[in-house]
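Engineer: Okay, here's what each chain looks like letter by letter:
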Amino acid sequence: MNKKSLLNLTNLEISEIMELINLAKKCEDGDFNNIYNNKIVANLFFEPSTRTQYSFETAELKLGIKPINFNQETSSIKKGESFYDTIKTFESFQTSAIIIRSNIDKYYEQLNGINIPIINAGDGVCDHPSQSLLDLYTIYKHFKTFNGIKIAIVGDIKHSRVAHTNIDIMNRLGMETYISGPEIFNDHTSKYIDFDQAITEMDVIMLLRIQHERHQFKEITNINEYHEKFGLDMKRVNKMKRNSIIMHPAPFNRGVEISDDVVECEKSKIFQQIENGVFIRMAILYKALEKEVKQW
Amino acid sequence: MNKKSLLNLTNLEISEIMELINLAKKCEDGDFNNIYNNKIVANLFFEPSTRTQYSFETAELKLGIKPINFNQETSSIKKGESFYDTIKTFESFQTSAIIIRSNIDKYYEQLNGINIPIINAGDGVCDHPSQSLLDLYTIYKHFKTFNGIKIAIVGDIKHSRVAHTNIDIMNRLGMETYISGPEIFNDHTSKYIDFDQAITEMDVIMLLRIQHERHQFKEITNINEYHEKFGLDMKRVNKMKRNSIIMHPAPFNRGVEISDDVVECEKSKIFQQIENGVFIRMAILYKALEKEVKQW
Amino acid sequence: MNKKSLLNLTNLEISEIMELINLAKKCEDGDFNNIYNNKIVANLFFEPSTRTQYSFETAELKLGIKPINFNQETSSIKKGESFYDTIKTFESFQTSAIIIRSNIDKYYEQLNGINIPIINAGDGVCDHPSQSLLDLYTIYKHFKTFNGIKIAIVGDIKHSRVAHTNIDIMNRLGMETYISGPEIFNDHTSKYIDFDQAITEMDVIMLLRIQHERHQFKEITNINEYHEKFGLDMKRVNKMKRNSIIMHPAPFNRGVEISDDVVECEKSKIFQQIENGVFIRMAILYKALEKEVKQW
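Protein chains in written order, with numbering that gives the first Met the number 0: chain A, 0 to 295; chain B, 0 to 295; chain C, 0 to 295.
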């Protein structure tokens with residue numbers, strides 16, 4: 000496994016997180032546009048994705064990197080080729096890095112034989128480091144600090160790779176993290192807080208997507224009930240603290256965890272998160288390819 | 000909605016049409032190759048397409064634009080993300096423009112919240128402005144004028160977004176427009192002319208694709224009968240006026256509305272239309288991105 | 000048909016093969032990086048592919064060519080557009096060459112009306128010239144000659160486009176070719192050799208993928224039996240000649256025609272073949288576009 004791989008945030012030092020955030024700022028300022036001219040990076044998404052997939056591609060294009068977008072539906076996966084052999088093939092093409100999303104938990108444990116950087120774009124229910132980093136970048140841009148910032152993550156914590164990665168890294172960065180939403184989703188990875196209390200006390204309300212198509216969800220509640228109890232509508236937004244913000248990794252369900260008119264309200268950072276996602280992914284790629292002097 | 004969007008031709012002045020045609024000539028001459036180096040444009044095709052999709056991509060590449068090609072099958076659309084939120088995501092990536100084809104009539108009425116140029120690559124049964132413009136460019140290249148040029152559009156006028164856009168703009172440009180083909184498809188948007196009379200009198204015979212897989216078509220007629228009555232074969236081609244031309248937006252059905260040997264005959268401009276489509280789409284993109292000074 | 004098309008190896012002179020091999024070396028050395036800046040090449044894969052598809056794309060990117068990747072699932076093929084008309088459309092876009100893989104034997108016989116170079120990336124059970132050329136390049140890099148090199152191709156010779164192309168060209172280049180594996184697959188296109196005899200006598204053991212999902216295969220044998228009789232495991236590898244090598248066009252079935260631990264063993268050139276595939280495809284594209292002076 001290449002040392003420049005980004006698999007999760009667990010082994011990243013706080014100083015490394017801050018370096019990525021500072022690099023993202025430089026990326027946003029255009030300092031690194033086209034610096035990696037002529038490098039090739041392969042994007043292998045084995046799960047549906049809009050934001051992560053296309054913002055990695057956008058980040059690559061802005062850095063001057065030439066993307067190759069793998070489509071498993073028209074690949075030799077259809078002839079039974081394995082995950083490892085597929086990744087090894089792209090390594091053999093001498094691509095500079097590989098971006099991978101897979102529904103396999105810790106898929107990268109199968110990839111010890113791969114010697115180029117692997118960037119984890121989401122693995123099963125485990126990690127989604129680039130999402131966490133863009134969340135951090137968004138929070139840092141707004142509050143200029145992490146210290147003492149209070150966040151409640153609301154919704155299906157149990158099945159969210161975003162929530163787990165975020166709670167861990169945010170605690171390490173000195174933020175106060177809480178979880179809220181239906182008790183059934185509470186996995187006790189952080190302190191629980193009542194939703195309406197969170198509304199008035201938090202600096203950040205981070206909503207998660209309710210997978211209301213899931214069987215388990217249908218058993219315990221319904222959409223209207225959820226919206227009533229845990230949905231963020233303008234009535235609740237108006238009770239939020241003055242400088243507080245709303246976040247959501249998206250895709251979101253309008254009318255379920257978030258009201259239609261909240262999505263683009265003043266406090267909402269949802270589309271800024273998407274915008275920031277491009278810059279943080281440029282920063283991640285910058286680090287992964289840094290000092291890679293071999294030219295083709 | 001960004002003012003530089005191209006949604007239909009209804010609001011375009013004749014002078015603006017002529018400007019696009021002149022720009023297409025410059026594009027064909029290579030004057031604008033690579034001028035938009037480093038800009039990113041997203042192509043979102045929600046309906047199957049070969050010509051429109053890949054000629055927009057070709058046009059982008061020739062202008063130096065970097066395309067991002069959205070594939071709805073591997074996107075968050077699969078998780079229920081809405082059309083608007085998908086488009087808003089690409090706007091958040093700071094792409095310079097978005098090309099959209101959708102089967103939703105006037106889909107762009109849902110996109111008032113989008114602030115970057117939207118280029119309509121076909122919406123439901125309503126409009127297909129870039130197709131009309133390439134038809135106009137093809138006619139103008141051949142006749143050097145629109146004034147008094149007689150065209151008959153033949154086939155399923157009723158369900159054709161090309162026909163409606165063309166009839167309107169061609170009339171405004173001083174052309175004489177007729178419709179022909181089975182009476183059942185006559186929606187009286189222009190004067191009806193008998194097909195064999197059209198053959199001898201028109202400057203342009205524009206055939207439309209017969210969707211012979213449609214249930215309604217099977218009820219009223221069959222393929223052989225259609226070909227007999229309204230199919231363009233060499234016998235009919237030989238009766239056409241000396242300087243007249245044959246057009247078809249494609250895909251076409253060989254042996255239904257057009258004989259095999261007519262497709263690439265001397266009078267046929269079908270593949271030139273496809274070629275011209277690249278240049279007119281370069282012109283459209285040139286206009287959409289013009290004076291956009293923000294660089295990344 | 001354009002003279003610069005590469006359809007099969009039958010009509011290539013030995014000198015032309017050697018020229019391609021020498022060009023591949025230059026490509027590997029980076030001599031041709033970005034020389035075809037701004038040219039567009041279309042990749043049309045009508046069959047699943049990982050190696051061939053993405054290594055052609057990688058080769059294009061390295062040469063500076065801008066690829067357009069056709070996806071038949073979202074194309075007008077879905078509306079019934081023909082193979083010829085689809086290819087003709089890409090020619091009309093003025094792409095510099097077209098790469099085609101299709102399950103139709105000798106599909107290129109339908110393409111006489113196409114005037115730009117066609118590069119055959121595999122047609123039905125007939126030919127796969129770029130695969131053969133990368134095999135040759137791999138052999139030549141290792142042995143520095145073809146003369147007298149002994150190769151056994153092992154497996155389903157009958158249904159392999161790789162085997163037939165290879166046997167013919169390797170014989171012409173002075174190699175000694177043998178076929179091995181189950182008698183049922185022996186089509187007598189070369190001398191048959193017992194597998195365990197081949198192991199000890201050959202310079203190259205080239206394994207083919209066993210399509211064990213095929214009905215016919217299930218009838219005659221099973222996976223374990225095949226692996227026992229014709230599978231390459233480390234016990235057999237240890238009996239191979241000192242300077243001998245193992246090849247496989249991939250995808251391979253670990254545990255069927257090849258043991259897990261053989262795939263990346265010292266003698267295995269499997270991933271080098273993939274790496275060499277990029278360089279030989281660069282060489283093929285270099286030749287196809289050479290002296291094409293028309294710029295856009």
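In short, the hints are calculated from the structure, not lab data. Treat the hints with caution; some may be incorrect.
Note: identical chains are not told apart, hence a pair may lie in one copy or across any two.
With a straight-line Cα cutoff of 16 Å, these simulated EDC-like cross-link-like pairs (lysine to aspartate or glutamate) come out [claimed, not checked]:
hint	residue 1	residue 2
1	K143	E108
2	K157	E200
3	K87	E274
4	K87	E263
5	K87	D259
6	K25	E175
7	K78	E46
8	K25	E289
9	K143	E289
10	K87	D260
11	K238	E200
12	K157	E46
13	K190	E227
14	K286	D260
15	K234	D260
16	K77	D30
17	K25	D202
18	K238	E265
19	K105	D232
Remember, predicted model here, so these are calculated numbers, not experimental data.
Engineer: Now look at each hint and say whether the structure bears it out.
Structural biologist: To see whether the hints hold, each was checked on the structure:
In this assembly of identical chains, K143 and E108 lie within 16 Å of each other by CA distance neither inside one copy nor across copies; the values are 36 Å within and 39 Å between. For the homomeric pair K157 and E200, neither the shortest alpha-carbon distance inside one copy (23 Å) nor that between copies (60 Å) is at most 16 Å. For a Cα distance limit of 16 Å, the shortest separation of K87 from E274 across copies, 10 Å, qualifies, whereas the shortest one inside one copy, 32 Å, does not. In this assembly of identical chains, the alpha carbons of K87 and E263 lie at most 16 Å apart only when taken from different copies (11 Å versus 43 Å within one copy).
In this assembly of identical chains, K87 and D259 lie within 16 Å of each other by CA distance solely across copies; the values are 14 Å between and 44 Å within a copy. For a Cα distance limit of 16 Å, the shortest separation of K25 from E175 qualifies neither inside one copy, at 28 Å, nor across copies, at 58 Å. With identical chains, the CA atoms of K78 and E46 are at most 16 Å apart between copies only, with a shortest distance of 11 Å across copies and 19 Å within one. Taking the shortest alpha-carbon separations for K25 and E289, only the intra-copy value of 15 Å comes in at or below 16 Å, while the best inter-copy value is 27 Å.
Taking the shortest alpha-carbon separations for K143 and E289, neither the intra-copy value of 27 Å nor the inter-copy value of 36 Å comes in at or below 16 Å. For a Cα distance limit of 16 Å, the shortest separation of K87 from D260 across copies, 15 Å, qualifies, whereas the shortest one inside one copy, 47 Å, does not. In the homo-oligomer, the alpha carbons of K238 and E200 lie at most 16 Å apart inside one protomer (9 Å), although the nearest pairing across protomers, at 73 Å, exceeds that limit. When the C-alpha separation of K157 and E46 is checked against a cutoff of 16 Å, the pair qualifies neither within a copy, at 19 Å, nor between copies, at 37 Å.
Taking the shortest Cα distances, K190 and E227 never come within 16 Å of each other, neither inside one copy (22 Å) nor across copies (58 Å). Taking CA atoms no more than 16 Å apart as the test, K286 paired with D260 passes in neither setting, with 38 Å inside one copy and 33 Å between copies. In this homomeric assembly, K234 and D260 come within 16 Å of each other (Cα to Cα) only inside a single copy, at 11 Å, whereas the closest approach across copies is 63 Å. For a Cα distance limit of 16 Å, the shortest separation of K77 from D30 qualifies neither inside one copy, at 42 Å, nor across copies, at 36 Å.
Taking the shortest alpha-carbon separations for K25 and D202, neither the intra-copy value of 26 Å nor the inter-copy value of 55 Å comes in at or below 16 Å. With identical chains, the CA atoms of K238 and E265 are at most 16 Å apart within one copy only, with a shortest distance of 14 Å there and 67 Å across copies. In the homo-oligomer, the alpha carbons of K105 and D232 never lie at most 16 Å apart, since the shortest distance is 36 Å inside one protomer and 30 Å across protomers.
Figure legend: structure checked against the earlier numbered hints; hints not met, in rising order: 1, 2, 6, 9, 12, 13, 14, 16, 17 and 19.
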